[in-house]
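Given the coordinates of chain A, assemble chain B onto it according to the supplied hints.
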Amino acid sequence: MNIMGKRKFLYILSLAIIIPGIIALLLWGLKLSIDFTGGTLLEIAGTQDVNAVKVIADENKFENTIITTSGDLVVLKAKEIPDATHRKFIEDLKVKIPGATENRFESVGPTMSKTITKNAFYSVGLASIFIVIYLAYAFKKVSKPLSPWEFGIMAVVALIHDALVVVGVFAIFGHFLHIEIDSMFITAILTIIGFSVHDTIVVYDRIREKALKEGVDNFESLVNRSILETFSRSINTSMTVIMTLLVIYLFGGATIKHFILALLIGITAGTYSSIFVASALLVESFNLKQKLRGRAKWKQKTA
Amino acid sequence: MLAAICFVAASPQSVRDKMKIRMLKPVHLRLGLDLQGGSHIAYEADLSKFKDVSEKERAMESLRNVVDKRVNALGVAEPNIYTTKFGDNRRIIIELPGIDVNQAKDLIGKTAKMKFKTQMNEEGTMWQDTDLEGKNLKKATVQNDPQTNSPEVAIEFDSEGATKFGDLTKNNLGKRIGIFLDDEIVSAPTVQAEIRDGHAVISGKFDYKEANDLKIQLNAGALPVDIKLVEERTVGATLGQESVRKSFFAGTIALLVIFMFMTIYYRFPGFIASVALGIYTLIVIAIFKGAFYIFPPVTLTLAGIAAFILSIGMAVDANILIFERMKEEFRLGKGYGAALDAGFKRAWPSIKDSNIATFITCAILMAFGSTVIKGFAYTLLIGVAVSMFTAITITRTFLKAFINTRISKNPKLFGFAIEKGEK
Numbered sequence: 001m002n003i004m005g006k007r008k009f010l011y012i013l014s015l016a017i018i019i020p021g022i023i024a025l026l027l028w029g030l031k032l033s034i035d036f037t038g039g040t041l042l043e044i045a046g047t048q049d050v051n052a053v054k055v056i057a058d059e060n061k062f063e064n065t066i067i068t069t070s071g072d073l074v075v076l077k078a079k080e081i082p083d084a085t086h087r088k089f090i091e092d093l094k095v096k097i098p099g100a101t102e103n104r105f106e107s108v109g110p111t112m113s114k115t116i117t118k119n120a121f122y123s124v125g126l127a128s129i130f131i132v133i134y135l136a137y138a139f140k141k142v143s144k145p146l147s148p149w150e151f152g153i154m155a156v157v158a159l160i161h162d163a164l165v166v167v168g169v170f171a172i173f174g175h176f177l178h179i180e181i182d183s184m185f186i187t188a189i190l191t192i193i194g195f196s197v198h199d200t201i202v203v204y205d206r207i208r209e210k211a212l213k214e215g216v217d218n219f220e221s222l223v224n225r226s227i228l229e230t231f232s233r234s235i236n237t238s239m240t241v242i243m244t245l246l247v248i249y250l251f252g253g254a255t256i257k258h259f260i261l262a263l264l265i266g267i268t269a270g271t272y273s274s275i276f277v278a279s280a281l282l283v284e285s286f287n288l289k290q291k292l293r294g295r296a297k298w299k300q301k302t303a
Numbered sequence: 001m002l003a004a005i006c007f008v009a010a011s012p013q014s015v016r017d018k019m020k021i022r023m024l025k026p027v028h029l030r031l032g033l034d035l036q037g038g039s040h041i042a043y044e045a046d047l048s049k050f051k052d053v054s055e056k057e058r059a060m061e062s063l064r065n066v067v068d069k070r071v072n073a074l075g076v077a078e079p080n081i082y083t084t085k086f087g088d089n090r091r092i093i094i095e096l097p098g099i100d101v102n103q104a105k106d107l108i109g110k111t112a113k114m115k116f117k118t119q120m121n122e123e124g125t126m127w128q129d130t131d132l133e134g135k136n137l138k139k140a141t142v143q144n145d146p147q148t149n150s151p152e153v154a155i156e157f158d159s160e161g162a163t164k165f166g167d168l169t170k171n172n173l174g175k176r177i178g179i180f181l182d183d184e185i186v187s188a189p190t191v192q193a194e195i196r197d198g199h200a201v202i203s204g205k206f207d208y209k210e211a212n213d214l215k216i217q218l219n220a221g222a223l224p225v226d227i228k229l230v231e232e233r234t235v236g237a238t239l240g241q242e243s244v245r246k247s248f249f250a251g252t253i254a255l256l257v258i259f260m261f262m263t264i265y266y267r268f269p270g271f272i273a274s275v276a277l278g279i280y281t282l283i284v285i286a287i288f289k290g291a292f293y294i295f296p297p298v299t300l301t302l303a304g305i306a307a308f309i310l311s312i313g314m315a316v317d318a319n320i321l322i323f324e325r326m327k328e329e330f331r332l333g334k335g336y337g338a339a340l341d342a343g344f345k346r347a348w349p350s351i352k353d354s355n356i357a358t359f360i361t362c363a364i365l366m367a368f369g370s371t372v373i374k375g376f377a378y379t380l381l382i383g384v385a386v387s388m389f390t391a392i393t394i395t396r397t398f399l400k401a402f403i404n405t406r407i408s409k410n411p412k413l414f415g416f417a418i419e420k421g422e423k
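As you go down the protein sequences, you meet chains A and B in turn.
Counting from 1, position 9 in the first sequence corresponds to residue 9 in the UniProt record's numbering; the numbering is continuous, with no gaps.
Counting from 1, position 92 in the second sequence corresponds to residue 92 in the UniProt record's numbering; the numbering is continuous, with no gaps.
Honestly, the hints are just simulated from the structure, not real lab data.
Since the structure is predicted, the reported quantities are computational estimates derived from the model, not experimental observations.
Be aware that one or more of the hints could be misleading.
Stated by the list, open to error - Cut-off 27 angstroms, straight-line C-alpha distance, at most; resulting in silico cross-link-like pairs (DSS-like, lysine-lysine):
1. K49/B <-> K117/B
2. K79/A <-> K113/B
3. K88/A <-> K164/B
4. K79/A <-> K352/B
5. K345/B <-> K140/A
6. K228/B <-> K77/A
7. K56/B <-> K113/B
8. K117/B <-> K164/B
9. K6/A <-> K210/A
Just chain B, with the same shape it has in the complex:
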């Protein structure tokens, strides 16, 4: 009994300590794009050239890697890139906090398949493929053309590429070599001499940004499949901040209203339940931040906030069920301690069954829902799981701590008279 009281006395303390540490070395709540502003863009991948599933899987994985490299070159903080299956279609989704979405789209959207071709006719309208391709590239950099001072992209081949390029220049002296990007000619320099060191320059009519984008695309490698932009959602930073401010304000008010209602209606136990609810809120927020390692951190979205608030309702429900049962036990003439035990015991089946039904719904939503719905379901799941712990363990231990004190003998604090029985 004493140990249990100590445990509960310690557990909110430790939660509070955790919060303090968090304040000193800030681990922020991860906010979704709808709350902090940013873009969600989805591309559909054209996988028609692949037959079996493992090939598709591999193509998507390498697509993700290439897109990842390209986006990371942008220097965005915490981009989130993942692939999903959407019906029969495969998609790659890029979530970018901040709003340089157009820059990102410029960078991601191009396949950037580089090819070197040889001239087949004088006019330069027919070109023949060679075996020298983007995959033979070692590195691309941006530099300025010393004569015109306009930006150009310098490329360096790997050893295989250098050999191929050497042969290519040797065999095509005086002719032109076409550098193609996504089957569009970028430049077609005339070969002046055999080049063996594996260096070449692409000089198109680039501005600096275009040259830089090309550099990033070449360095990240070509996309293994064609992609098409199918969805875009951008939320401005101001709108996001306003949503956060309003949601937190609403959440605080809602909590206060529940505290008031519980304390006025259920008196002393209601007050204890409010304390438990406060602890509940702290634990859930700590989980969202990733403080407990068994749960992955939660990215909080508007839907997530809604789920959290709903879970508060369900947390309160567990206590209301218990207190209503306690009241019945009191009416039967039981004393504080006995009513407490019986109340918890008899309320348990309905708390268990109703919460399991919620778990089932959450699990199905997590399996079938869209990203937003998944977030909602996961948040609700955590909320309900924690609420079962706080509403039962914490409230009960607190209430037990008051057995045989003046409080447990004062019927006014319970909103009804304890007529007889041991106190």
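Just chain A, with the same shape it has in the complex:
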């Protein structure tokens, strides 16, 4: 099967997912949770009465209140409230709705969120740089004209691809399904990045092995064979991870559902990108270099 010959279709498929995501991101942005925006989140068990909760919230002068139900809980979101207001609210709640209890309470100040976002970008950036350096080191023996840096850089391009897929899909989810991004989402992105690189390296390892053995005269076919040979491993590994995640998604607690969903999407994207995108890009950059070299030679001759 000649997968590399159909590279264009692979790119189109990737772009077909990424571009709508980017458009959604530009149009609507991500729906951010209080981890990023600051604010209050209250989960109340033992009642389904949204209106009664709303009355109590209004009496206590909550601002920007949004009250919804989630499962058998009432969820209240509002601007950050002072401690005293929170205590009064809980007292009122117990008096006015017998049996209602506070299941979860979160209050995040606005300074917090900026730092979280900044740190997230730092860690992703730093992790990427270190991965490029490590891969360049690990693939240092790779035979010319391949450069070890190409492996590192293309692996990072593949991981950016995966991160973009997930962020884009969640921008769409945020708009249509009101799924919020919290600090766990950043954890998910970082996990996906780790997994994506892990996966890509396995394919690259095979390419490295073959390149050392047989040279790179027919690079496209070499990459193609490497993919085919590692195919069942890639699929099997991803299947075990995806199966585990599916089980957690179905049976795990509600608090991590969105986190697991992000992982599911990201790991699927990661598997796809490590098989198809990361290696296709390697072929692309190899061909480009050959072309440039050919042109340089041709120029030398004609000059």
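Structure of chain B alone, referenced to chain A:
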């Protein structure tokens, strides 16, 4: 060879023994607040009055000590108190299992800076500072006013404080002395006589809880800096228990699914890998409990459980890589023993490189992440490190143990035919 088999036979036994000991004298898994219920509260410290870093460092350390004393007076089991740097801000974070968070906030939130002031005008609206302060305090206790029976706080000064207080009462006979807490007047008794024994009483309009809080705050000392509540997360105990129950259920199912998949797809080696995975789970849980002293015990959170499950995936991956390589070697006509060796050897570079990439990510997350993310990264790090050991050493030793047995000669157990070569 034999020794290796013995080693592996012994190692799961010892793990099992460890588990048994643990059952008898229970060392529980330390669960995070999101799993057992409890509160996470963060205060931001106002350090604007300090210039250089070492001063700030010292102020935070003494803040931690004072908060620690106050929280410990509550009698909460295993509170966790630490300071962090958050951007340019310094924070003190208090994690309390159980849900008496309001009581804790009442206790922690007040600076409790006690001052004694003298009256400057008749009406008692102007007060002059004296050199007698909270730091001259030796001990505070709660007692009942014999006349009104309402609670009051009795204080005892240290020797320096007693002298100062003696002079203060001597010089202010017939006048009032204001007792201020955080610049708010609590009581202003009139001095009837000179007091030299260093005892005084603060009688405000306290109820018992307020008097007790004040006692704890005074005994723990004043906070060295002002603090402000900036973050609070409380998880009810029921929600926590439900999360634990669901996560463990999901984890068990996930493990069973992997066992089934591995055994059906890879047959005999898959079954061995499943056994290794079982051992892997036990080792990781033992590490979480702090059974191996090289690793600090892990507080398991929801994010940690996710990391653990992910690490199972990566552990399986190492075996899948090896088995796929073994299959290739079999196809080349190698026998069981040779295919085994070559499979492990040739899968190693990709296992090593991919896991190191994961280590790099984990290390960066541990350096820059928030508390939750740090926990996630640490759990993943342990998981991946252990998986490299079990998926390689244990699986390999088990599989080697079957060289030249009936099993290694039965191609059906491998899902493909061994055509020729030594068996």
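Status of each hint after checking the structure:
no.: 1; hint: K49/B <-> K117/B; in the structure: holds, 24 angstroms
no.: 2; hint: K79/A <-> K113/B; in the structure: violated, 32 angstroms
no.: 3; hint: K88/A <-> K164/B; in the structure: violated, 43 angstroms
no.: 4; hint: K79/A <-> K352/B; in the structure: violated, 48 angstroms
no.: 5; hint: K345/B <-> K140/A; in the structure: holds, 20 angstroms
no.: 6; hint: K228/B <-> K77/A; in the structure: holds, 22 angstroms
no.: 7; hint: K56/B <-> K113/B; in the structure: holds, 19 angstroms
no.: 8; hint: K117/B <-> K164/B; in the structure: holds, 12 angstroms
no.: 9; hint: K6/A <-> K210/A; in the structure: holds, 21 angstroms
Taken one by one, the earlier hints fail for this structure at numbers 2, 3 and 4, listed in ascending order.
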